[in-house]
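Use the sequences and the hints to build the structure in full.
Quick mapping for you: the protein sequence lines, in order, are chains A and B. For the first sequence, the positions run 31 to 137 when the working numbering is used. For the second sequence, the positions run 30 to 203 when the working numbering is used.
Read the hints as simulated data drawn from the structure, not as lab findings. Since the model is a prediction, treat every value here as computed from it, not as a measurement. Be a bit skeptical, because a hint or two may be false.
As the list claims (entries may be wrong) - Straight-line alpha carbon distances no greater than 30 Å define the calculated DSBU-like cross-link-like pairs of lysine-lysine that follow:
#, chain 1, residue 1, chain 2, residue 2
1, B, K121, A, K64
2, B, K37, B, K48
3, B, K57, B, K87
4, A, K55, B, K37
5, A, K54, B, K195
6, B, K37, A, K44
7, B, K154, B, K121
8, B, K87, A, K55
9, A, K64, B, K195
10, B, K195, B, K154
11, B, K48, A, K64
12, B, K154, A, K54
13, B, K154, A, K44
14, A, K54, B, K48
15, B, K87, B, K121
16, A, K55, B, K154
17, B, K121, B, K48
18, B, K121, A, K55
19, B, K154, A, K64
Said to hold, decoys possible - Per label pair, the in silico range of CB-to-CB distance:
#, chain 1, residue 1, chain 2, residue 2, range
20, B, N32, A, L87, 37 to 43 Å
21, B, T186, A, F121, 33 to 39 Å
22, A, V83, B, D34, 58 to 64 Å
23, B, K48, A, R88, 46 to 52 Å
24, B, M40, A, I116, 24 to 30 Å
25, B, S94, A, T78, 27 to 33 Å
26, B, D34, A, T111, 52 to 58 Å
27, B, M40, A, I76, 21 to 27 Å
28, B, L36, A, I76, 23 to 29 Å
29, B, A199, A, V70, 39 to 45 Å
Where a beta carbon is used, it is the ideal one built from N, C-alpha and C, also for glycine.
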Amino acid sequence: MNDQQLQHWFMTHKQEMPDHDFSKKVMHQLPDRKAAPPLVWIFASIGTLLFFVFVNLRQLIEQLSLWLERAPWWTLPVTSTALVIIFLIGFCFHERKDDVTIYFKGI
Amino acid sequence: MSNTDDLKWIMQVTLLGNKEAFNPLVRKYQSPIRRFFLNLTMGDASLSDDLSQETFIKAYLQLSSFQGLSGFSTWLFRIAYNVFYDYIRTQKGKEEAPLEEVDRIYHTENEYSAENADLYAALAKLRMEERTAILLCYMEGMSHSEASKVMRCPLGTLKSYISAGKTKLATLLQ
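Structure below.
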């Protein structure tokens, strides 16, 4: 029996499974989900807002450099650390919502 | 419904939290998944429906982890394969289930055996890994590469399962 004959033999024995309310039963058992936080839209809105506030890139750079010149020396490390912490908190919160453990073989 | 449609429904579930968007995916894939379990369990429809439900529920809960690197179908079959393997392990307690024992468990007669008796008789001659590989490739039409992703084994190992399975089946069906 060659490959094609074997394929044909399996195709002739292939069962089509009628739904018979199977999908309804599955859907009935599923928990509700929360929508993912629209992080992309939040950051996009902030970016757009900032753009219009500072009118153009040159003005933005001037504003930033001016702000950095006047700010105390610790401003930059503190601000960047705060941003990283905010990002990590947001990321952990996002990942926590579907915290379901499934044990797969070999993982 | 194409793979693009699958992604559309998946994104609706994961991004918008639209639970109902999972329904088209269940309706589309219920037949292959239930058939896969039906053949793995030698026609035990009740058990295969339970395992299929578990598969879809796990898929729904883990949908955020679907990265789209392989097709949704491959990903779903991977979950189904794990559900079946986990079920066998729980049946055997915490001891490692030898494949011969697993085969023996599922060589049972039931009401559905008669409908496809020759298919189940043929599959019963195969070891579990051979049976899974043969079913994925010949019944579900997967490529060797996709089947190896489902079974998470090297391509060469999968080919050896198929080769061994084919040899046994060829002898039996001639």
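Comparing the hints with the structure gives:
Using a Cα cut-off of 30 Å, the hinted pair K121 of chain B and K64 of chain A is violated, with the two alpha carbons roughly 37 Å apart. With a C-alpha separation of about 13 Å, the suggested pair K37 of chain B and K48 of chain B falls inside the 30 Å cut-off, and the hint holds. Note on K57 of chain B and K87 of chain B: the hinted pairing holds, with a Cα-Cα distance of about 17 Å set against a maximum of 30 Å. Proposed proximity of K55 of chain A and K37 of chain B is supported: the alpha carbons are some 23 Å apart, at most 30 Å.
For the hint pairing K54 of chain A with K195 of chain B, the CA-to-CA distance comes to about 38 Å; that exceeds 30 Å, so the pair is violated. Pair hint K37 of chain B plus K44 of chain A holds up; C-alpha atoms about 29 Å apart against a cutoff of 30 Å. With a C-alpha separation of about 21 Å, the suggested pair K154 of chain B and K121 of chain B falls inside the 30 Å cut-off, and the hint holds. The straight-line distance between the Cα atoms of K87 of chain B and K55 of chain A is roughly 14 Å, inside the 30 Å bound, and the hint therefore holds.
For a cut-off of 30 Å, the pair hint linking K64 of chain A to K195 of chain B is broken: about 47 Å separates their Cα positions. Restraint check for K195 of chain B and K154 of chain B: the C-alpha separation of about 11 Å stays at or below 30 Å, so the hint holds. A hinted pair counts as satisfied when its Cα atoms are at most 30 Å apart, and K48 of chain B with K64 of chain A qualifies at roughly 9 Å. For the hint linking K154 of chain B to K54 of chain A, the alpha-carbon distance of about 36 Å lies beyond 30 Å, and the restraint is violated.
Between K154 of chain B and K44 of chain A the alpha-carbon distance is near 18 Å, which keeps this suggested pair within the 30 Å criterion. Under the criterion of a C-alpha separation no larger than 30 Å, the hint pairing K54 of chain A with K48 of chain B is consistent with the structure, at around 13 Å. Straight-line distance between C-alpha atoms of K87 of chain B and K121 of chain B comes to about 22 Å, which keeps the hinted pair within the 30 Å bound. The straight-line distance between the Cα atoms of K55 of chain A and K154 of chain B is roughly 34 Å, outside the 30 Å bound, and the hint therefore fails.
Of the pairs offered as hints, the one joining K121 of chain B and K48 of chain B is violated, with about 35 Å between alpha carbons and a cut-off of 30 Å exceeded. Taking the CA atoms of K121 of chain B and K55 of chain A, the gap is near 28 Å; set against the 30 Å cutoff, the hint holds. The suggested pairing of K154 of chain B with K64 of chain A is violated, with an alpha-carbon distance near 47 Å, which exceeds 30 Å. For the pair N32 of chain B and L87 of chain A, the beta carbons lie near 40 Å from each other, so the given range of 37 to 43 Å is met.
Remark: the range hint 33 to 39 Å for T186 of chain B to F121 of chain A is upheld by a beta-carbon distance near 37 Å. A hinted range of 58 to 64 Å is violated for the C-beta pair V83 of chain A and D34 of chain B, which are about 41 Å apart. With their beta carbons about 49 Å apart, K48 of chain B and R88 of chain A fall inside the hinted range of 46 to 52 Å. For the pair M40 of chain B and I116 of chain A, the supplied restraint of 24 to 30 Å holds, since their beta-carbon distance comes to about 26 Å.
One distance hint, 27 to 33 Å for the beta-carbon pair S94 of chain B and T78 of chain A, holds here, with the actual separation near 31 Å. Evaluation of the 52 to 58 Å hint for D34 of chain B and T111 of chain A yields a failure: the beta carbon distance comes to about 44 Å. Range check, M40 of chain B to I76 of chain A: Cβ separation about 23 Å, and the 21 to 27 Å hint holds. A C-beta distance of roughly 28 Å is found between L36 of chain B and I76 of chain A, which places it inside the suggested range of 23 to 29 Å.
With their beta carbons about 55 Å apart, A199 of chain B and V70 of chain A fall outside the hinted range of 39 to 45 Å.
Violation of the numbered hints given earlier is confined to hints 1, 5, 9, 12, 16, 17, 19, 22, 26 and 29; the remaining hints are satisfied by the structure.
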